[in-house]
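These protein sequences, in sequence, are chains S and R.
Numbering follows our numbering, in which position 402 of the first sequence is assigned residue number 1340; successive positions increment by one, without gaps.
Numbering follows our numbering, in which position 65 of the second sequence is assigned residue number 1003; successive positions increment by one, without gaps.
Careful, some of the hints might be misleading.
No distinction is drawn between identical chains; accordingly, a pair holds when it is met within one copy or between any pair of copies.
What the hints assert, rightly or not - Simulated pairs of lysine to any residue, SDA-like, Cα-Cα distance not exceeding 20 Å:
| # | residue 1 | residue 2 |
| --- | --- | --- |
| 1 | Lys1307 | Val1356 |
| 2 | Lys1307 | Ile1127 |
| 3 | Lys1316 | Ile1163 |
| 4 | Lys1141 | Ser1155 |
| 5 | Lys1316 | Ala1306 |
| 6 | Lys1224 | Glu1018 |
| 7 | Lys1141 | Gln1154 |
| 8 | Lys1168 | Val1098 |
| 9 | Lys1168 | Gly1284 |
| 10 | Lys1051 | Val1242 |
| 11 | Lys1036 | Cys957 |
| 12 | Lys1141 | Leu1335 |
| 13 | Lys1035 | Arg1048 |
| 14 | Lys942 | Arg968 |
| 15 | Lys1304 | Ser1072 |
| 16 | Lys942 | Ala1029 |
| 17 | Lys1307 | Thr1136 |
It should be emphasised that the hints constitute simulated quantities derived from the structure, not laboratory data.
Number of protein chains: 2
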Amino acid sequence: MPEKLKNLPGFRDFYPETCAERNYLFAKWRAIASRYGFLEYEGPVLEPTELYTRKSGEEITQQLFCFEDKGERDVSLRPELTPTLARMAAARQRDYKKPLRWFSIGPFFRYEKPQKGRGREFYQFNADILGEPSPAADAELIALSIDLMLSLGFTREDFVLRLSDRHTWDRFIAENAMDPERSQEFLAIIDKWEREHTDATAKKLEGFGTTVDAIQSFMDAPHAISDNLKEVQADLEARGLADYAEVDLAVVRGLAYYTGTVYEVFDIAKSMRAVAGGGRYDGLLKLIGGAEMPATGFAMGDVVITDLIKETAQAERQLSDYLSTYGALDVYVIIADEAHRTDALGAVQKLRASGCRVDYPLAPMKVAKQFQAAEHMKARATVLFGEEYPELKIKDLAKREEQTVSESQLPAAVRDIVQSDEIGPMLA
Amino acid sequence: MPEKLKNLPGFRDFYPETCAERNYLFAKWRAIASRYGFLEYEGPVLEPTELYTRKSGEEITQQLFCFEDKGERDVSLRPELTPTLARMAAARQRDYKKPLRWFSIGPFFRYEKPQKGRGREFYQFNADILGEPSPAADAELIALSIDLMLSLGFTREDFVLRLSDRHTWDRFIAENAMDPERSQEFLAIIDKWEREHTDATAKKLEGFGTTVDAIQSFMDAPHAISDNLKEVQADLEARGLADYAEVDLAVVRGLAYYTGTVYEVFDIAKSMRAVAGGGRYDGLLKLIGGAEMPATGFAMGDVVITDLIKETAQAERQLSDYLSTYGALDVYVIIADEAHRTDALGAVQKLRASGCRVDYPLAPMKVAKQFQAAEHMKARATVLFGEEYPELKIKDLAKREEQTVSESQLPAAVRDIVQSDEIGPMLA
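Next comes chain S alone, as it looks inside the complex:
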């Protein structure tokens, strides 16, 4: 017998019960993006590798899922969407009214050693505003990210949004006469500020003309809150969302293209874990597509947030509620007498044509087994085709009530039962 085939390391199979959890998250992402007036777009899963190396340099290829295609092109499975968006928006900047509010949901990839919370593929939600330079656009995306967390059932006890500004660090770098070429290297040290031992940080800072203490004082100083961040805070205050955000300059975000406001949503219980983040990248459209357009964006992956949902009681309860009716049938058609299979098939098709979700036994099966199947598939009702045909027994499985109807009365009788629920089935 041939060896059983398996999936690749770091890649996931979404069986229906896992796909349901994914779809819950997708539905929330879509619902919030829609409330904020964002339109969906999508780019290719595969892009020229240069799209990612142009800003960040060749080192980034270490984590890229990159390879040479049959046409000898250097290509990469996309690690993120921002460079694609920059390319797309720059190419057709004149076709759209500014500001653009665009969102996307899709698969992303990286080539790293798979570990808990980090596989080789993941889904990501991206929301971006293009064409608006003011902090109002950053605040709008920050509000969106807070609303997203709230809609998933999280509270201020569970998360905080840490707000920072790359401009503030640019000023620090200039004031300390550091080599601007090495600013990315310096910011990488700040990025690890809380996760790394002070001695290690101090050692890395040698050669940058500054110290751990100097940086700590700079971050704690009141003037560290830039006018830009003050505007963001005032905007959030007007929305009643100010409490969800805290200025914390230790957040700088790893990506080289950020230019202004940056932020990360952290979970409080395991405070080192960022579940989402974003920021302003005003230079990227020019670099990639030759168009001058300010831009700011936000992204959330599916892996950490799904873990967090399952660890947080209220969020988990909300997910369970969704799953309890997910993929539920309206009617299961029971064929108690095979002589009436043909009649039953006709009814199945009519019920479906009226919009009902219907299943039935493909092969002859004992009636008790069919009722079990109906329960298993969360059917709201059963219709029984038996010896009494053309009389049909219709049963409300929630209320345990039964009535007898004719075939012509069937669709209306089913509709009455299904609509008597406040919560209908949801297959997102």
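Starting from the structure of chain S, add chain R where the hints point.
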């Protein structure tokens, strides 16, 4: 200035207006799958190349988007979902009640010269029934594929489902004492039957011990309709769908794993174009995952069907109706007096919290421009924050009616306007 970056040949950018068309198709795929009681699943976009070569041999790698990853694995961007499904279902066959009804929607890839209707990536809908050997399962999927076409606005004038049976050809191959090893090669000739010149077909048939005439007579003979196909036809008849299907043995489907019933949905106007197809593949789960499980499936890609929708008046009208309210806002908040921006932001956030889709100007803008933006974004209503604050003017943009409300009355007033529409905004 650096060169502008482009996407790879054969890959598509989905700008919002194209993504809307894609989402229309996705929504129809989901709705029909749901009516048929199917549950969604998904597999990895990247798989070991052997998953595709095990049944079909190494020749298939010519069209595969395959490469060697950094770990020196032979991997492929998936060209189809059936082998992944076979792997997944076989691995967990004991965890699910049979029959399984599973569907999926996702991206697929092939490495071919890009041409009209065939890029290097496409989306595909897959629906499969696993664990049921009877023709009833094939008929259920055939009914699903017909219902899908009807739900897209097509009629019997626009499409026909051509039904065939691999068993019938197996019998022909045996009766003509052909080498069973060469049956795939022989079926490839039948697959091109209608597209290729008779002389070319005749030449290819040399060495198979048969002729064009012999094959034509075989296909036309009444006994060519197998008992299996008769059962499928009777089942469709019971559903009132028999007229949509015609037996046509020239349909064999290219893939090596099919074992019984096979079919393709053809558009009638350009009759050489298949828009969808499927069939039974009873041996694949054993070959790939070591599990004995009968299986039958159906797939439709996004490219040809989208072309066909746009070429067919009724189907195109239905798409246009969907697009006319796609991504529409409920309310655009107009800030006529910047002194009230803070108040307006508070209202924006309250309206969103009540479930409304809301946009507003991120930067100061002339009032006339703001009304234009509201129309452009298909807003159902506007709310104006001006000198009259705390009085607010709310305007129904469809009925051109205006009223004055207080802030506390605002959410209810907006709800009244939005719910007065029969057709609400749809962001699928």
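To see whether the hints hold, each was checked on the structure:
1. Lys1307 with Val1356: Neither: 23 Å inside a copy, 46 Å across copies.
2. Lys1307 with Ile1127: Cα proximity of Lys1307 and Ile1127: none, with 63 Å in one copy and 46 Å across.
3. Lys1316 with Ile1163: Intra 54 Å, inter 39 Å, cutoff 20 Å: neither.
4. Lys1141 with Ser1155: within (18 Å within a copy, 86 Å between copies)
5. Lys1316 with Ala1306: within (16 Å within a copy, 53 Å between copies)
6. Lys1224 with Glu1018: within (18 Å within a copy, 38 Å between copies)
7. Lys1141 with Gln1154: Classified as within; 15 Å inside a copy, 83 Å across copies.
8. Lys1168 with Val1098: Close inside one copy (17 Å), not across copies (64 Å); limit 20 Å.
9. Lys1168 with Gly1284: This pair counts as between: shortest inter-copy Cα distance 18 Å, intra-copy 66 Å.
10. Lys1051 with Val1242: within (17 Å within a copy, 39 Å between copies)
11. Lys1036 with Cys957: between (36 Å within a copy, 19 Å between copies)
12. Lys1141 with Leu1335: Intra 69 Å, inter 64 Å, cutoff 20 Å: neither.
13. Lys1035 with Arg1048: neither (34 Å within a copy, 36 Å between copies)
14. Lys942 with Arg968: neither (38 Å within a copy, 31 Å between copies)
15. Lys1304 with Ser1072: between (68 Å within a copy, 17 Å between copies)
16. Lys942 with Ala1029: between (46 Å within a copy, 9 Å between copies)
17. Lys1307 with Thr1136: neither (66 Å within a copy, 54 Å between copies)
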